[in-house]
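*Asks:* In the order they appear, the protein sequences are chains H and C.
Residues in the first sequence are numbered consecutively from 1, following full-length UniProt numbering.
Residues in the second sequence are numbered consecutively from 1, following full-length UniProt numbering.
If you're looking for bench data, these hints aren't it; they were derived computationally from the structure.
These numbers come from a predicted model, not from an experiment.
All C-beta atoms, glycine included, are put in the ideal place defined by N, C-alpha and C.
Some hints could be false.
To be verified - Beta-carbon label-pair distances, calculated as ranges: (1) Lys208(H) - Thr312(C): 34 to 40 Å; (2) Ser267(C) - Trp47(H): 27 to 33 Å; (3) Thr397(C) - Ile597(H): 57 to 63 Å; (4) Pro304(C) - Lys224(H): 41 to 47 Å; (5) Thr312(C) - Asp559(H): 19 to 25 Å; (6) Ser267(C) - Asp559(H): 57 to 63 Å; (7) Asp199(H) - Thr397(C): 52 to 58 Å; (8) Thr233(C) - Gln590(H): 43 to 49 Å; (9) Thr233(C) - Ile597(H): 43 to 49 Å; (10) Asp409(H) - Lys289(C): 25 to 31 Å; (11) Asp49(H) - Thr233(C): 57 to 63 Å; (12) Val383(C) - Glu147(H): 41 to 47 Å; (13) Ala75(H) - Ser267(C): 35 to 41 Å.
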Amino acid sequence: MAAWDLSVTVEDLGSDAPPVTISVASDLHVGGVILKLVEKTQIKRDWSDHALWWEQKQQWLLRTAWTLEKYGIHADARLLFMPQHKPLKLGLPNGITLRLRASFSCPVFQTVMGICRMLNIRHPEELSLLRPVEEKKKKKDKDLAEEIYDLTEVPLSSGTLKIQIFNYRLSEKLDCNRLTFFAVSRPCLYNGMPAHFVDSPQMEAIYKMLSVTQPPPAPEVIAKQYRPASVVDKAHINGRWLDSSRCLMQQGIQENDRLWLRFKYAAFYDIEPKYDVVRLTQLYEQARWAILLEDVDCTEEEMMLFGALQYHISKVAQSEPQMLSTNAAMDDLESALMSLEVKMEGENSSASEFNVIVCFRPKRLTLKGYKQYWFKFQDTSISYFKSKEESIGEPIQQINLRGCEVAPDVNVASQKFLIRLLIPAPEGMNEVYLRCENEQQYAQWMAACRLASKGKSLADSSFQSEIQSIRSFLAMQKTNSHGNAPAGDESINTHSLVSPRYHKKYKPKQLTPRILDAYQNVAQLSLTDALMRFLQIWQALPDFGLSYVVVRFKGSRKDEVLGIAPNRLIRIDLGVGDVVKTWRYNNMKQWNVNWDIRQMAIEFDGNVNIAFSCVTADCKIVHEFIGGYIFMSTRSREKSDTLNEELFHKLTGGHEAL
Amino acid sequence: MHRENMQTPCRKIPGKPGREPGIFSLQGESANHYATVQPLFEPQLSQCFLPESLNELEDHDLDALVADLGSNSNPQEPSSDERTDTHSAPPAMTQEPQPAAARPAPPNSTQPSRVKQTSELQTKADKINLALEKLKEAKVRKLIVKVLMSDGSSKTLMVDERQSVREVLDTLFEKTHCDCSIDWSLCETDPELQIERGFEDHEYLVELLSAWTRHSENKICFLSRPQKYVMFTDPQLFYMWKKKKSCSSEINKQAKELLIKEHFGGSALIVPDLEGTLYLKEDGKKVWKPRCFVLRASGIYYVPKGKTKSSTDLACFVRFEKVNVYTTNNYKQKYRAPTNFCFMLKHPCIQKESHYIKFLCCDDEHMLMLWVNSIRIAKYGTVLYQNYQAAVRRASTLQTLTSASHQFPPPATYLGHVIWYPYITYTCITRLCSAQSHFVYGYIYIKWPQEWTISK
Chain H
1 MAAWDLSVTV
11 EDLGSDAPPV
21 TISVASDLHV
31 GGVILKLVEK
41 TQIKRDWSDH
51 ALWWEQKQQW
61 LLRTAWTLEK
71 YGIHADARLL
81 FMPQHKPLKL
91 GLPNGITLRL
101 RASFSCPVFQ
111 TVMGICRMLN
121 IRHPEELSLL
131 RPVEEKKKKK
141 DKDLAEEIYD
151 LTEVPLSSGT
161 LKIQIFNYRL
171 SEKLDCNRLT
181 FFAVSRPCLY
191 NGMPAHFVDS
201 PQMEAIYKML
211 SVTQPPPAPE
221 VIAKQYRPAS
231 VVDKAHINGR
241 WLDSSRCLMQ
251 QGIQENDRLW
261 LRFKYAAFYD
271 IEPKYDVVRL
281 TQLYEQARWA
291 ILLEDVDCTE
301 EEMMLFGALQ
311 YHISKVAQSE
321 PQMLSTNAAM
331 DDLESALMSL
341 EVKMEGENSS
351 ASEFNVIVCF
361 RPKRLTLKGY
371 KQYWFKFQDT
381 SISYFKSKEE
391 SIGEPIQQIN
401 LRGCEVAPDV
411 NVASQKFLIR
421 LLIPAPEGMN
431 EVYLRCENEQ
441 QYAQWMAACR
451 LASKGKSLAD
461 SSFQSEIQSI
471 RSFLAMQKTN
481 SHGNAPAGDE
491 SINTHSLVSP
501 RYHKKYKPKQ
511 LTPRILDAYQ
521 NVAQLSLTDA
531 LMRFLQIWQA
541 LPDFGLSYVV
551 VRFKGSRKDE
561 VLGIAPNRLI
571 RIDLGVGDVV
581 KTWRYNNMKQ
591 WNVNWDIRQM
601 AIEFDGNVNI
611 AFSCVTADCK
621 IVHEFIGGYI
631 FMSTRSREKS
641 DTLNEELFHK
651 LTGGHEAL
Chain C
1 MHRENMQTPC
11 RKIPGKPGRE
21 PGIFSLQGES
31 ANHYATVQPL
41 FEPQLSQCFL
51 PESLNELEDH
61 DLDALVADLG
71 SNSNPQEPSS
81 DERTDTHSAP
91 PAMTQEPQPA
101 AARPAPPNST
111 QPSRVKQTSE
121 LQTKADKINL
131 ALEKLKEAKV
141 RKLIVKVLMS
151 DGSSKTLMVD
161 ERQSVREVLD
171 TLFEKTHCDC
181 SIDWSLCETD
191 PELQIERGFE
201 DHEYLVELLS
211 AWTRHSENKI
221 CFLSRPQKYV
231 MFTDPQLFYM
241 WKKKKSCSSE
251 INKQAKELLI
261 KEHFGGSALI
271 VPDLEGTLYL
281 KEDGKKVWKP
291 RCFVLRASGI
301 YYVPKGKTKS
311 STDLACFVRF
321 EKVNVYTTNN
331 YKQKYRAPTN
341 FCFMLKHPCI
351 QKESHYIKFL
361 CCDDEHMLML
371 WVNSIRIAKY
381 GTVLYQNYQA
391 AVRRASTLQT
401 LTSASHQFPP
411 PATYLGHVIW
421 YPYITYTCIT
431 RLCSAQSHFV
441 YGYIYIKWPQ
451 EWTISK
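With the rest of the complex left out, here is chain H:
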C-alpha cells in the first residue's frame, strides 16, 4: 500500500513547535502511528496516557488496533497527540476550588466517577459537571486571588485503585470478590482518608477542606451571589449540565477550564456517615446554599430552623475533631455506676436549692409588674416561696414543667432576660414569665426549663452543655448589638444563616431570638445527626428535587415549565404560576427523542401522550434527567454495589448511534 505523510501536533513539544510528520500507510493501525510518533520525538517519558485527537471530527482515536483506513483518516486530518488526563479547575459545592487531573477522553459519566473516586465520594452517578455561572468581575475583586487547592499530583484514578487493591492483597489476603467489593463501594481508608491524601500534610489539609463543613459565609457574600428570582431563572441553570455520554474534549472544555461538580439527581442513595464523610459534607453545603440562595423555597419557620442547624453544625464542626462518629460502647458496670453517680448528683443538686431569685409573673392574673419570689428547681418542677427563709416549708405553688413550651424573650443590650413558659393544664395553657437578673442566671434557668420540658431533670448529663450553648448564643447577640464588633470565633452574624430576604426583613438582633427558639430543639444533636437532620428537612420541602426546564408543549403557543422530580414530571403554567399537571414515572410506558427536531415525546398508561421541545436546555439534558432518575430507582442493595454503567448509558444515551 502506498505510503503518505501524516502530520501530527505533539502537545508536549510546545504550542510553537511545528507538527511532526511521519510516513504512514492506510493499513497502519493507530498504535503503530503512536509508536512511530514517539520514536520520532526522541523524548523518553511515560507516554501511556497519551492518545490521538482528531480535531475536525472532534473525536479521540482510542482504538489502537483500528487502522487509519477504518477510521477514515487521510493526509488532511489534523491530529493532536496529547495526554488524555488534563488538569481542570473544579468548583465544589462548598465553594472551594480544586485543581485536579480529569479524563478528557472518556464519557463525562466516567470522568465524574474518576473525580469522585479521588475525592472519596461514593455513588458518583448522583453527581455531574456543569459549566459555572459567569461571575461579574469587579475591579475590586481582582486583588483577591482565589485560592486553588492542587491535587494534580495525585496518581491517576485508575492507578490509585490498583495500589489500594495491592495493599489489601498484601496485608489481609482477601479473596477477590471481597476485594472488588471494597474497591468499589467502601474505599479503603488510612487514618480515615484515602491513601493519596495521607502522603503529605498539605494533602491532609485539603482532605480536611473536603470533609469539614465551611463556616457560615458573610452576609455580603450571600447577598452578592446570583439568586434565581423565578422558576424561569431556576430553569436556566439546568441548561449548563454537561452531556454524560460524551467526553470533555467533545464539549469544548479546555485544559484548566473551570467546571462545577454538583449533586444532580435528588435521589441520595444509602448515605452512611461512616464512609460518606466527604459526600455528606458536600451534600450539606449544596443544600445550605440552595436554602440561602432560595433555590428551594421554604417558609419563615423552616428558614429559622435551617439557620439554627447551620449555627449548630458550624459550632460543633469547630469543636469536634475530624472523627465524625465515636461510639465507645460503655461497659455495663461503668454505665451503671455512671448513672448511679448522676442520680446521686441529681439528688444532690435538686435537693440543694437552686439558689437564685427569679421574678415571676403569671400573665393574666396581674396586669403589670413582676413580683420577686424565691425559686427552687427540683426534678422537672419549679416551686416558689415568699423568701429564702420560707423555702423549707410548703411552696406557694409548684409547677411541673414536663411537656411545657419554653420560649426565650431576650435582649442583651437592654438586659432583658425573660423565659416564657406555656404550661399545659386541663383548662388550657398557663402563661408564665420568669425574669432573670443576668445572663448567667438566665442560661442556667433556661437550660433547666428546657430539660424539664423534655422530662429530664437537672441531673441529666446534658445540663451543662445546654447552659453552654445558651451562653454562646447570647454572646452572639451581644456582638451583633454592638455593631461592628471584632469577628471572634464565637460571633456569627445571624444574617449569615438566612437568605437575603430576611436580611431586609429583620435586623440581626431580631433574628437571634427566633433562631434561638428553633435552636433549642437541635442543640443536643451530634454533628452527623445535625447534618442528617438538615438534609432531611431540606428533602421534605415541597419543591425539593425539582429541576426546571422551560419547554414548549406540542400544540401550545406559549412557554411553560417542566419540572423533573425523582418520581414524577410536573407541568407549571407560567400564567397561573402553579402546577397544572403531574405525571408519574411508574405510569410511563416509553419516551422517545427526535434528535432531528429536538423534541421529546412521552407515552403514559391510559393513552396519555405528551410531546414538547425544550427551550432553556438541550433535549439531551431533559432526556438524561428522566433516564437518570429511572436509573437511580433501579439501584438496590440486592443487586450488589457495583455501578451498572451500561444501563445508565442505555437509559440516557442513544443519539450517538444516529
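Using the hints, position chain C against chain H.
*Replies:* Below, chain C without anything else, positioned relative to chain H:
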C-alpha cells in the same frame, strides 16, 4: 472484667436523702434490718433514704438488698373486683424478667478470705448493678386500667410505664382472641370535648393516661379502626389525592408499594402536599371562617389575605411538636360547625375548652380523613411506618398461630362510623385510681403531673 473497671466502685459517691414522696426506697441502717424488714411502705409517709454509699456496704448488706428488692418485685396479682372482668393480669405482663432470678446472689460472699480480691470486686460490682436495676424497677409507675371492648364489655389490665401501646395491644390480643388485624387500636375518648384519638403504637400508655385529670370521664377503648394505617394500605389516597378517585382506586399493589417506598423508604419522609379550604373556629368566637390551609412537614400554614401560596408568604398556623390531632363528634350541634367533619389540635394535657385548642372543619368525610391522617404522617414521620411494619409482622405471626390451633371466633363487629361517633355505647369509667390498694408493698404510685400544688 478489666482491672480499671474494678476501680470504679471505689469512687466516693455522696449519698443524699431522696425527697420524692411515694418512691419506694430502703429504710433503716443495720444490715440485719434489710434481711428481716417487713415490707410496710406507705408511700406518702415513708422516709426514703438511699444508703450513704452503696460501696460502703458490706457484702452481706448487698445480698440482703438484692434479696429484698427481689421479693418486692414480685407483687401479688391484683385482685380484681370488676364485674365485667374475666381475666386478671398475669404477672408476666406487668413484670420485666427479673435479673435476680437468672443470677442469684452468690453464697460465697461470706467467705471473703478464700476468694481473690478481683472476683470479690467483681461480685460486688454485679450486686451494685443489680441493686440499681431493682431501684429502677421499684420506681416504675404502674396503673390499672379498664379497657372497653367494642361489644360493651371491658377488660382490666395492669400496665407499667415502660409498656408501649403495641405491647398492651398484644396483651389484649391474647385476652380477646380477636383476629389480630393491624386495625386494632387503643383509643381515648373525651366525652366533655366530644373528641377521640387513636393512640399510636409507639406511645407509652401510662404517660398518655397521666395527662388525664383525676376525675376524668375519659375512656380507653379497644376497637378496630380501619383508618389506623390507611396511609400504608391506600397510599394513593394521600399522595395522589388531587387525582380523580376513579383512577386512584384502580391502582395495583406494586404501585402502592412504590408510593410507600418513595415517601417513607428514602432518607427523608415526604408529607402529603395537602392544601385546601378549611373552616377555622376563631378564638372564643362562634363563627367558623373559611381559610386556605397548606400542610407541610413543619406544620400547618395558612395563606394570609392578599398573599400568594408561595412558601415565603405562608404564615404558620400550628406546629406539631406539642399537639395531638383529635377527631370530633357532632360539632355541628356543639359548636355550630358548618359540617360534622371537624378535627382539633391540642396539647394532650388540655382537657377542657380553651383558646389554646385549634378547631378546624372540613367539607366532607374524605377530606377529614386526609387531613387527620396526613397530620399524623407529619407529626410521627418514619415512626409511624415502623409501627405499621411491626403491626403487619405481628398480625401475620399471630394469625398463623391462631388459625393453626383453632377456628377464628367471628371477627369483632365492624364499627363503621366509630371514628366519629365512638362513645355512644360506652358508659363506664375507665381508669381506676385505687391502684395502690392492690399492692402490699406500695411502690406503685400515681403521680398526676398536672397538679399545681402539693396536697398534704
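*Asks:* Next, verify each hint and record whether it holds.
*Replies:* Evaluation of the provided hints:
1. For Lys208(H) and Thr312(C), the hinted distance range of 34 to 40 Å is satisfied, since their beta carbons lie about 36 Å from each other.
2. Judged by the Cβ atoms, the range 27 to 33 Å given for Ser267(C) and Trp47(H) is violated: they are separated by roughly 46 Å.
3. In this structure the hint that Thr397(C) and Ile597(H) lie 57 to 63 Å apart at CB holds, the actual value being about 59 Å.
4. With their beta carbons about 31 Å apart, Pro304(C) and Lys224(H) fall outside the hinted range of 41 to 47 Å.
5. One distance hint, 19 to 25 Å for the beta-carbon pair Thr312(C) and Asp559(H), holds here, with the actual separation near 24 Å.
6. Checked against the given bound of 57 to 63 Å, the beta carbons of Ser267(C) and Asp559(H), roughly 34 Å apart, lie outside it.
7. Roughly 56 Å separates the CB atoms of Asp199(H) and Thr397(C), a value that falls within the hinted 52 to 58 Å.
8. The beta-carbon spacing between Thr233(C) and Gln590(H), approximately 31 Å, falls outside the hinted interval of 43 to 49 Å.
9. Between Thr233(C) and Ile597(H) the beta carbon distance is about 46 Å. The supplied range of 43 to 49 Å therefore holds.
10. At roughly 30 Å, the beta carbons of Asp409(H) and Lys289(C) sit within the given window of 25 to 31 Å.
11. The beta-carbon spacing between Asp49(H) and Thr233(C), approximately 58 Å, falls within the hinted interval of 57 to 63 Å.
12. Distance hint check: the CB atoms of Val383(C) and Glu147(H) are about 45 Å apart, consistent with the given range 41 to 47 Å.
13. At roughly 58 Å, the beta-carbon separation of Ala75(H) and Ser267(C) lies outside the given 35 to 41 Å, and the hint is violated.
Consistency note: the structure conflicts with the earlier hints numbered 2, 4, 6, 8 and 13.
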